[in-house]
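Protein chains in written order, with this note's numbering: chain D, 1 to 488; chain F, 1 to 496.
Calculated from the structure, these hints are not laboratory results. If you're wondering where the values come from, they're calculated on a predicted model, not measured in any experiment. Where is the CB? At the ideal position from N, CA and C, for every residue including glycine. Check the hints yourself; a few may be wrong.
Claimed, not checked - Computed beta-carbon distance windows for the label pairs:
1. F:L104 with D:A21: 25 to 35 angstroms
2. F:L24 with D:L15: 51 to 61 angstroms
3. D:A160 with F:V465: 34 to 44 angstroms
4. D:A160 with F:G415: 35 to 45 angstroms
Said to hold, decoys possible - Far from chain F by the CB rule (all over 12 angstroms, computed), these chain D residues:
5. R163
6. P179
7. Y410
8. A453
9. L455
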Amino acid sequence: MGAQTLPVILLLPLLGAVAIALSGRWPNVREAISLLTAVTLAVLVFSWFPDVSAGARPAVTLSEPLPGLSLALSLEPLGMMFACIASFLWIINTIYSIGYMRGNREKHQTRFYVCFALAIAAAMGIALADNLFTLFLFYEILTLSTYPLVAHKGDAKTIASARVYLGILIGTSIGLLLPAIIWTYVATGTTTFTLGGIIQGNVPGPAVGLLLGLFVFGIGKAALMPVHRWLPAAMVAPTPVSALLHAVAVVKAGVFCVTKVIIYIFGVDFLFSQPSAQWLQYVAAFTIISASVVALYQTNLKRMLAYSTIAQLSYVIMATIILKPLAEIGAAVHIAAHAFGKITLFFAAGAIYTAAHKTELWQLAGIGRRMPITMGAFTIGALSMIGVPPTGGFVSKWFILAGAFQAENYLAIFTIIASTALNAMYFLPIIYFAWLAPDAPDVDMAHGEAPPAILLALGVTAALTIGFFFFNQPLLDLESQLVQSLPL
Amino acid sequence: MNLADHLPALQVALPLLTAPLVILLRTGFLAWLAALLASLVSLGLALLLTAAVLETGTQHYAVGGWAPPFGIALTVDGLSALVLLLITGASSLALAGGRQSLRLDIDNRRAPMFYGAWLIAMAGLCGIAVAGDAFNVFVFMEISSLATYILIAAGRDRRALSAVFKYLIIGTIGATFYLIGVGFIYMMTGTLNFADMALRLNDVIETRPIIIAAGFITIGLALKAAIFPLHIWLPRAYTYAPNAVTVFIAACSTKVSIYILLRFNYAVFHGNLLGHSDLFAVFIIPLALSGILLASAIAIYQVNLKKMLAFSSVAQIGYIALAAGLASQAGLVAALLHMFNHALAKGTLFLCVVAFVLTSRSATIANLHGIGRRMPWTMAAFVLAALSLVGVPGTAGFISKWYLVTAVMEVPGWGVPLVVAIIASSLMAVVYVWKFVEVAYYGKAPGDDTAAMEVALPLRALIWVAALSNVYFGLFPQLPLALAQSGTSTLLGGLN
Chain D
1 MGAQTLPVIL LLPLLGAVAI ALSGRWPNVR EAISLLTAVT LAVLVFSWFP
51 DVSAGARPAV TLSEPLPGLS LALSLEPLGM MFACIASFLW IINTIYSIGY
101 MRGNREKHQT RFYVCFALAI AAAMGIALAD NLFTLFLFYE ILTLSTYPLV
151 AHKGDAKTIA SARVYLGILI GTSIGLLLPA IIWTYVATGT TTFTLGGIIQ
201 GNVPGPAVGL LLGLFVFGIG KAALMPVHRW LPAAMVAPTP VSALLHAVAV
251 VKAGVFCVTK VIIYIFGVDF LFSQPSAQWL QYVAAFTIIS ASVVALYQTN
301 LKRMLAYSTI AQLSYVIMAT IILKPLAEIG AAVHIAAHAF GKITLFFAAG
351 AIYTAAHKTE LWQLAGIGRR MPITMGAFTI GALSMIGVPP TGGFVSKWFI
401 LAGAFQAENY LAIFTIIAST ALNAMYFLPI IYFAWLAPDA PDVDMAHGEA
451 PPAILLALGV TAALTIGFFF FNQPLLDLES QLVQSLPL
Chain F
1 MNLADHLPAL QVALPLLTAP LVILLRTGFL AWLAALLASL VSLGLALLLT
51 AAVLETGTQH YAVGGWAPPF GIALTVDGLS ALVLLLITGA SSLALAGGRQ
101 SLRLDIDNRR APMFYGAWLI AMAGLCGIAV AGDAFNVFVF MEISSLATYI
151 LIAAGRDRRA LSAVFKYLII GTIGATFYLI GVGFIYMMTG TLNFADMALR
201 LNDVIETRPI IIAAGFITIG LALKAAIFPL HIWLPRAYTY APNAVTVFIA
251 ACSTKVSIYI LLRFNYAVFH GNLLGHSDLF AVFIIPLALS GILLASAIAI
301 YQVNLKKMLA FSSVAQIGYI ALAAGLASQA GLVAALLHMF NHALAKGTLF
351 LCVVAFVLTS RSATIANLHG IGRRMPWTMA AFVLAALSLV GVPGTAGFIS
401 KWYLVTAVME VPGWGVPLVV AIIASSLMAV VYVWKFVEVA YYGKAPGDDT
451 AAMEVALPLR ALIWVAALSN VYFGLFPQLP LALAQSGTST LLGGLN
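Sequences and hints are given; from them, build the entire structure.
And the structure:
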């Protein structure tokens with residue numbers, strides 16, 4: 001396939017959105033179109049995998065509004081992986097959404113599916129962005145297109161949360177990310193992602209740390225503390241949104257952008273030599289530990305998962321900023337591994353809500369006996385968060401730790417071990433209570449499993465979480481291209 | 001000499017001569033149609049002129065064949081072409097989209113007079129853009145101002161009368177200041193022609209009358225351009241004017257004053273007065289900055305949608321003034337680009353207001369709750385244009401903001417604070433825009449009526465053309481960029 005067909009990856013979900021909007025009157029047609037678009041998109045994205053894996057870097061420029069500032073798409077290993085994950089999980093999530101939205105009799109379902117398709121188009125744009133300008137464009141589109149999804153319910157409390165969501169994401173992107181991009185452009189004359197970075201020799205030493213700060217806090221979607229507040233706020237959205245967007249597409253877009261900026265704008269070797277950039281690992285470590293501690297104190301299942309996500313996102317940032325080849329691979333792999341595990345957990349949370357209308361942790365006692373499939377999947381997802389083999393979470397943790405030892409970075413090693421313990425502390429009690437504890441008093445227990453569409457979806461993602469432990473070689477091969485230029 | 005050579009003169013003559021004919025028409029519809037046609041033909045002329053300027057450079061025209069500096073000279077360069085496109089484009093957009101709204105606002109009996117005044121206003125604005133000498137600028141300024149007062153006061157809202165009276169007083173002071181300044185210069189140099197003036201000023205530089213003249217002209221034009229805090233006439237005038245009139249004047253009238261301000265300060269004074277650009281910067285940049293920050297903040301607290309957009313205009317004029325005050329190549333390009341891009345965004349937004357008011361009979365935000373659910377097409381266009389106003393990438397507003405930020409970053413020492421101010425104001429723009437967007441989509445509609453009530457298809461289509469042009473010029477800004485660059489080189493290089 002020629003690089004000229006790259007824009008189709010973006011156009012497909014857009015066309016899907018239009019078709020969904022037009023077929024809003026017939027729910028079955030609308031959802032068939034959603035599913036068809038998702039499947040076609042995934043097939044299209046995966047068809048690029050062999051080429052990119054073999055070293056191809058297709059690129060195409062769509063327009064050049066200003067000299068040196070173009071709307072351009074390209075595929076490289078990191079983006080390839082992100083596009084694959086997002087497009088593939090979109091299929092499963094669509095199946096899940098059908099079960100969830102119908103099961104809960106949600107309103108405005110057409111708007112929901114349209115915005116979802118738009119958000120996926122934006123996520124594809126982020127994955128394929130060839131430069132910071134294109135990245136920023138789709139980053140903002142992703143924020144705007146997910147706003148109606150977060151505000152879906154439309155009551156005062158939801159709107160207030162959606163305002164926090166939009167305010168933080170737009171505020172940080174315009175207030176910090178845009179100046180960072182302009183600074184980069186003024187200093188280097190380009191914004192194109194280049195392996196090895198473009199900053200070296202153009203920005204003086206101490207300023208590098210400042211520029212890095214503008215980037216990582218400007219990319220609010222990465223939820224690095226203190227710009228993490230939007231993520232718990234976004235939990236007011238219907239669960240399929242939390243599952244795909246706030247465990248995969250949006251938050252992964254955040255850490256993906258951070259990783260991409262560090263690898264392709266700063267350059268790993270250059271940043272390693274800059275003492276002014278070292279502060280980031282302390283912030284990431286702080287975020288991991290404190291988000292895990294906050295998660296311990298949560299009583300609402302989805303909010304607890306949100307804080308767990310914040311901690312896990314900072315794993316990726318931590319791994320990236322270790323700035324060693326194995327850790328970079330670990331960062332990329334963790335994006336995938338965490339995606340499978342966390343979407344499973346959210347699917348389970350949504351299944352519990354749909355079948356039993358339970359949202360609080362204390363209500364979950366004994367629920368495993370009534371919803372064995374759901375809680376089985378939940379258990380697998382939780383084990384992956386802790387990093388227990390044989391789950392995907394173990395693979396990425398292995399690489400991150402190996403990279404940390406390579407760099408003799410004891411802060412990273414300590415943080416990862418401590419947070420593993422904390423993860424176990426807040427996930428294991430839930431698993432124990434769900435399976436073994438007597439039923440919670442005063443709770444309606446007359447319910448069975450969630451609708452089949454939901455079970456199918458969470459079964460698949462749970463299987464993926466385990467499958468990723470055994471079959472991760474193609475992804476490792478792909479991502480090792482990122483670091484081939486680096487000495488091991 | 002074929003007709004194409006007379007384009008600069010036709011640009012003014014056509015609307016000016018059509019105006020009395022329009023008054024003779026019997027019904028409002030015919031008068032509207034004639035005005036729309038004249039406006040569209042003017043837009044066509046402006047496009048032809050633009051093409052000619054881009055192809056062969058500045059167009060000169062000597063009225064009646066009398067060569068300047070004795071005869072009246074018309075000059076059209078990239079800058080004039082840009083302004084002409086704005087004026088004729090805004091007029092066509094407002095007339096085409098405003099038919100229904102104007103029919104409600106204007107008495108059928110008085111409609112022919114109203115459309116006559118409209119054409120005179122347009123002719124005056126075009127005249128300012130093509131005039132090659134300072135006195136004709138004044139004449140056309142008076143023509144356009146007087147006609148604009150009529151347009152603003154023509155609606156049914158009686159608050160427009162007090163608003164227009166304020167505008168009249170301040171506008172007249174501005175025009176008088178300008179005339180005093182031009183008088184001083186004429187006294188010292190004996191010429192009114194811009195090109196001639198720029199040459200002859202050399203002999204009398206640093207004399208007190210010239211410095212005083214520069215002050216009078218700059219302040220007079222700053223009044224007419226509504227540069228903060230000389231903007232006090234603007235919010236009420238925009239708010240209480242008939243909605244279609246607001247589309248027209250919001251998109252172009254202040255920009256024309258900025259145009260002539262730039263023409264004087266750069267093409268005439270810049271090369272002659274020692275340290276003029278520093279003085280100009282010291283005068284205008286603090287005002288621009290306070291406008292950018294304060295007007296944006298004030299806009300957040302408005303309860304009337306039109307007034308909110310009007311205060312946003314004051315802030316956006318601040319951007320233009322800030323960029324122009326930098327006295328650099330990049331700054332001027334940013335200023336001219338932003339003139340164009342802001343007109344696109346504001347024109348679209350006010351056109352959406354026309355549609356909102358047509359269906360819900362009010363521009364008060366409290367009465368527009370839930371309008372996004374009832375008018376999804378119009379509201380989506382509003383959001384698109386609002387994003388351009390904020391400066392989101394992919395829209396025209398981003399291009400000019402990008403130029404603006406890169407231009408201020410070149411300022412030694414002040415780069416970072418200026419960037420911070422621009423970004424703070426952009427964030428405030430997000431706040432005031434989103435305050436409306438949120439209630440429009442999620443607010444509870446007044447009354448229980450929630451049925452769809454979109455405006456007629458032609459107006460909706462027009463709104464979408466305007467909205468999409470914000471995206472088009474955000475991805476392909478070559479045309480305004482070329483005009484802005486050519487305009488900048490004439491401003492900095494003096495008139496040819």
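- Can you name, in rising order, the numbers of the hints this structure does not satisfy? Those not satisfied are hints 5 and 6.
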